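*Asks:* These protein sequence lines map, in sequence, to chains A and B. In this text, residue positions in the first sequence follow our numbering: the first is 1, and each later residue adds one. In this text, residue positions in the second sequence follow our numbering: the first is 1, and each later residue adds one.
These aren't lab readings, by the way, just hints derived from the structure by calculation. Only a predicted model underlies this, so the values are computations on that prediction, with no experimental measurement involved. For each residue, glycine too, the CB sits at the ideal point set by N, CA and C. Careful, some of the hints might be misleading.
Said to hold, decoys possible - Mimicking DSBU-like on lysine-lysine, the simulated pairs with C-alpha atoms at most 35 Å apart in a straight line are:
#: 1; chain 1: B; residue 1: Lys-52; chain 2: A; residue 2: Lys-88
#: 2; chain 1: B; residue 1: Lys-74; chain 2: A; residue 2: Lys-88
#: 3; chain 1: A; residue 1: Lys-88; chain 2: B; residue 2: Lys-81
#: 4; chain 1: B; residue 1: Lys-52; chain 2: B; residue 2: Lys-74
#: 5; chain 1: B; residue 1: Lys-52; chain 2: B; residue 2: Lys-81
To be verified - These stretches of chain A come out as covered by chain B in the derived footprint (C-beta under 8 Å, 3 or more residues):
#: 6; region: 29-43
#: 7; region: 80-89
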Amino acid sequence: MKERSKLSAWNLDCRAASELASDSLERDLTRGERLALRLHQLVCPPCRHLIAQFQTIRRAVASLPRSWRRDWNNDSVELSAERRAAIKQLLQEANSAEEGK
Amino acid sequence: MFEPPPADADLGDPAQWVDRYGDALLQYAVTRVGDRETAEDLVQETFLSAFKARRDFDHRAAFSTWLIAILRRKIIDHYRKDARTLVTTDAELDEVAPLFDRSGHWTVPPANWRSTPASQAENSEFWQVVRRCLAELPRHLAQAFELRELGLATVQEASEIAGITPRNLSVRLHRSRLLLRSCLEQKWFAAEAVSASEKSADESSPARAEQARSS
Numbered sequence: 001m002k003e004r005s006k007l008s009a010w011n012l013d014c015r016a017a018s019e020l021a022s023d024s025l026e027r028d029l030t031r032g033e034r035l036a037l038r039l040h041q042l043v044c045p046p047c048r049h050l051i052a053q054f055q056t057i058r059r060a061v062a063s064l065p066r067s068w069r070r071d072w073n074n075d076s077v078e079l080s081a082e083r084r085a086a087i088k089q090l091l092q093e094a095n096s097a098e099e100g101k
Numbered sequence: 001m002f003e004p005p006p007a008d009a010d011l012g013d014p015a016q017w018v019d020r021y022g023d024a025l026l027q028y029a030v031t032r033v034g035d036r037e038t039a040e041d042l043v044q045e046t047f048l049s050a051f052k053a054r055r056d057f058d059h060r061a062a063f064s065t066w067l068i069a070i071l072r073r074k075i076i077d078h079y080r081k082d083a084r085t086l087v088t089t090d091a092e093l094d095e096v097a098p099l100f101d102r103s104g105h106w107t108v109p110p111a112n113w114r115s116t117p118a119s120q121a122e123n124s125e126f127w128q129v130v131r132r133c134l135a136e137l138p139r140h141l142a143q144a145f146e147l148r149e150l151g152l153a154t155v156q157e158a159s160e161i162a163g164i165t166p167r168n169l170s171v172r173l174h175r176s177r178l179l180l181r182s183c184l185e186q187k188w189f190a191a192e193a194v195s196a197s198e199k200s201a202d203e204s205s206p207a208r209a210e211q212a213r214s215s
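The following block holds chain B by itself, in its conformation from the complex (with noise of 0.2 Å):
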């Protein structure tokens, strides 16, 4: 993932971290907060603690996996401050009550989507879908989410970082897990679907317009 760290012992110019370490650290802290900008300001503080701590570095692992350490501990006090100024009003507030009717039943059955998981992460249109989908959850949802969904934090660390019971993170990921389902099958399977079943799907298909349009 990276190039090999600097040979010698005093890890080089600093100023050369950014240049050889910082696309790769943006890229790690993008994908897991998903916000560009808080991504950048977590890589710039992620270099600043290091340059503090560059003593503390041993050399017995690689010098960027040593940052990426230091990266993950930022991302993970970033979800925590977060937590603290989110509403947390899961009693009153739920966000899934449209999804069932009064007797508990789908108002809109999920689909069967058919095609698999491994073809669809080749494909950047799809990720950038699965974002949208992401950005558009309540920002309590989403963390729960991303904190449980991209492996940052087991069940007792991500009820800790959100300030919540276990059994209240359970509702979170419950509720985040079925708006993103939902999203995702309206804004990508549905038309899938149709590109799928009319090969030369254009403009005039009615999924195909209903994407262009929430696009």
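Only chain A is shown next, with the shape it has when bound in the complex (with noise of 0.2 Å):
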């Protein structure tokens, strides 16, 4: 726990505010962190322009499986034709090992 003891809302350096920032999407902050990381901000435009972009990614990747779909369907993300046959012979070989018994 070193660095929560180098919390406090008048000396958060960048890399703890960073910590809190990323804390801030896991987990509810305490009172007393949410008021060191939004003084930290307030004073501190890089830390702002990082907690903005870690929304920006978290967003940007919840929406990824839509996009990914649309504009990949085609050209990347089919099964290989040998994947297809060796998926296909290894159920049919399961199913007659079930009609043999």
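Since each chain comes alone in its own frame, lean on the hints to assemble the complex.
*Replies:* Next comes the structure, spelled out in structure tokens:
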């Protein structure tokens, strides 16, 4: 808990602020943590940008599967012919093994 | 997302499942494990497990939904196995140390990314950069990021899968986010800022050339 001992609303450094910014995506910050982060942001434009970037990444990733399907459906996300044949073969083998019982 | 499942109660010829659902399952897997070969392995295992368990399918949900549920468990198992082979040296190894100076300030301050995420998400080039940046992360950091940001696991589940405490997971998430944002800023947003300010950005533009070299 070394990092946490650095945590004070008045002397949060950028590294500690970035840890809180990341934690805020995972859990509710305590009141003290929220205050410290907010005060740090007020005086630190790069950390303001960082928080916005985390949000940008989160929103972009949340939209990934849909856009992935739309954009890459045809060229990159299809089972290869070999794999398709291999899976069918395995299923047929499993099927005839069961029927043979 | 899928064609309607076969109407007959016995689900048809299992070999036809592959043609009907294979690509959709692969898409689901590829977006979550990143690696094509692994994704195909997981899809294969899913079909075989589905075949063995087909009598458990109760027709209350769509067959496709049932297959996805099996695949999802395969993906989580995959991460769990993966975690056992990962080196867990969080304590000694500090991947983000170069991003800060000794007093804890940024060595390269994060910039203002001007474009909105919605417009980024439309762009498949952007996704290729995201994938490349994720691939460059140390595997245990990429794993933490993917488990949480792709919504595969809760904090508790993700910690269990990785075999670490929730506190350690938050350390890994912090590092993965910082490295990812730094990579995206270099490989995408910097080049984009240039092309936005000079509408006819060409090969002579330093950021474009830099992006071309690193791609």
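*Asks:* State for each hint whether it applies.
*Replies:* A quick look at each hint next to the structure:
1. B:Lys-52 with A:Lys-88: 14 Å, holds
2. B:Lys-74 with A:Lys-88: Judged against 35 Å, a Cα distance of about 19 Å means the pair holds.
3. A:Lys-88 with B:Lys-81: Satisfied, since the Cα-Cα distance of roughly 26 Å is no more than 35 Å.
4. B:Lys-52 with B:Lys-74: 15 Å, holds
5. B:Lys-52 with B:Lys-81: 22 Å, holds
6. 29-43: Violated - the region 29-43 of chain A has 0 residues with a Cβ nearer than 8 Å to chain B, which falls short of three.
7. 80-89: holds (count 6)
Hint violations for this structure: number 6 only, all remaining hints satisfied.
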